Amino acid sequence: MTQQSEHQVCAPASPALRDAPKLVSVVVPLCNESGNVKVVARAIREALGSLKYELVLVDDGSTDSTSLEIEQLSAEDYGVVGVCLARNFGHQSALAAGLSVATGSVIVMMDGDMQHPPSLLPELVAKWREGYNVVQTRRLDAGRTPLLKRLASRWFYKVFRRICRIELDPGMADFRLIDRSVLDQLNKLEEGDMFFRGMLAWMGFRQAVVPFEVGQRRQGKSKYTLRKMIGLAKTGLFSFSSLPLRISTRLGLLMALAAAVEFVYVIVVYLRGTVVAGWASTTAVMSALFSMLFLLMGIQGEYIHRIYERVRRRPAYLVGRIIRRGADAPSEQ
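In this text, residue positions in the sequence shown follow the numbering used here: the first is 108, and each later residue adds one.
It is possible that some hints are incorrect.
[To be verified] When the alpha-carbon atoms are kept at most 30 Å apart in a straight line, the in silico DSS-like pairs for lysine-lysine are as follows:
hint: 1; residue 1: K295; residue 2: K159
hint: 2; residue 1: K295; residue 2: K129
hint: 3; residue 1: K145; residue 2: K159
hint: 4; residue 1: K159; residue 2: K129
hint: 5; residue 1: K129; residue 2: K145
[Claimed, not checked] Label pairs and their computed distance ranges (CB to CB):
hint: 6; residue 1: L425; residue 2: L360; range: 40 to 46 Å
hint: 7; residue 1: L296; residue 2: L360; range: 20 to 26 Å
hint: 8; residue 1: S157; residue 2: L425; range: 34 to 40 Å
hint: 9; residue 1: V426; residue 2: S288; range: 37 to 43 Å
hint: 10; residue 1: E153; residue 2: L175; range: 19 to 25 Å
hint: 11; residue 1: R194; residue 2: R357; range: 38 to 44 Å
hint: 12; residue 1: L425; residue 2: M404; range: 30 to 36 Å
It is worth saying that the hints were derived from the structure and are not from the lab. Because the structure is a prediction, the values reported are computed rather than measured. Glycine residues also receive a C-beta, built at the ideal position from the N, C-alpha and C atoms.
Generate coordinates for the entire structure from the input sequences, incorporating the hints supplied.
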């Protein structure tokens, strides 16, 4: 076991097993996954076996028949709840929407493309019964993840740990189980920018990590484009660290010192009667300084924008409608 894992896996205080959960809520965000909805729902039901479940399917503004598939499932199974967002708000917001209606004593978050294997659910529940409040999962590289994505992921986690001082395992996925008590505390954070991996690592609690091999996507393609991955990484870094601002201050002081040294040099040379030459190099230095200045302004602007978003208090998502079979739907805390 690596030092990273040892940091995150905390032994429970008591060896006594918990009773089986009264209700397992499984939150699955979906975006244009009409071909996978029924497949993943059936796989989840089979994996949970005799456990009482609530399947929360979140339609994140799909343009295909995903919501229709959810309606059909809900009509057949009272344990299926559909949450249709008013538009596409993104993966993390869709997870938050599903968590807001989940009523189980334990809650599982997982994707709906079969790359998060439902067969792992019994193992996650078993870890919870051992006393862990958060059961994270870590992807094992089976060659299915593109090289560029693997390298970018490793770089991000390395930078995140160094800048934010929060331990995150490389390969950590949005496939996890949390206890109801953790969700209650999570709801108190009122984060404007959702980054559940960082939020749960920051919160602490007793955590375990279960490795898994990424399953084969059954249909469609990944909705996590490079642009979305960069956006998620930016959210994580700016939400959990003020180091970029501190770096901006230090770079500003360094540039001021360099300018002062240059000014003294020019005065000394001028007093000696020598013409100061080198306008090309001076222009290059000024261009570099202005580029750095705009970069620092951009970093500060990013923080100001996030403060502005928090002040406006706009919700992270808007629910268009909730699909339920009827009032007999289960509700256990």
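Measure nothing beyond the straight line between the CA atoms of K129 and K145; if it is 30 Å or shorter, mark the hint as holding.
-> Answer holds: K129 to K145 is near 24 Å, not above 30 Å.
Given the hint that K159 pairs with K129, test it: the Cα-Cα distance must not exceed 30 Å.
-> holds, 7 Å
Could you say whether the range 38 to 44 Å given as a hint is met by the Cβ separation of R194 and R357?
-> holds, 41 Å
Hey, K295 versus K129, does the alpha-carbon distance stay inside 30 Å?
-> Distance of about 24 Å is within 30 Å: holds.
Quickly compare the C-alpha distance for K145 and K159 to 30 Å and report which way the hint goes.
-> Holds, at roughly 18 Å.
Between K295 and K159, is the straight-line Cα distance small enough, at 30 Å or below?
-> holds, 27 Å
Could you check the hint for me, namely that L425 and L360 are 40 to 46 Å apart, CB to CB?
-> Cβ of L425 to Cβ of L360: about 44 Å, so the range 40 to 46 Å holds.
Please test the hint of 37 to 43 Å on the beta carbon pair from V426 and S288.
-> Violated, at about 25 Å.
Taking the CB of L425 and the CB of M404, does the distance hold inside 30 to 36 Å?
-> Taking Cβ atoms as reference, L425 and M404 lie about 32 Å apart, which means the hint holds.
Is the hinted range of 34 to 40 Å satisfied by the C-beta distance from S157 to L425?
-> With a Cβ separation near 37 Å, S157 and L425 satisfy 34 to 40 Å, so the hint holds.
With respect to the beta-carbon atoms only, verify the hint that L296 and L360 lie 20 to 26 Å apart.
-> Violated, at about 34 Å.
Range hint compliance [Cβ, E153 to L175, 19 to 25 Å] = holds, 23 Å
Checked against the numbered hints given earlier, the structure breaks hints 7 and 9 and satisfies all the rest.
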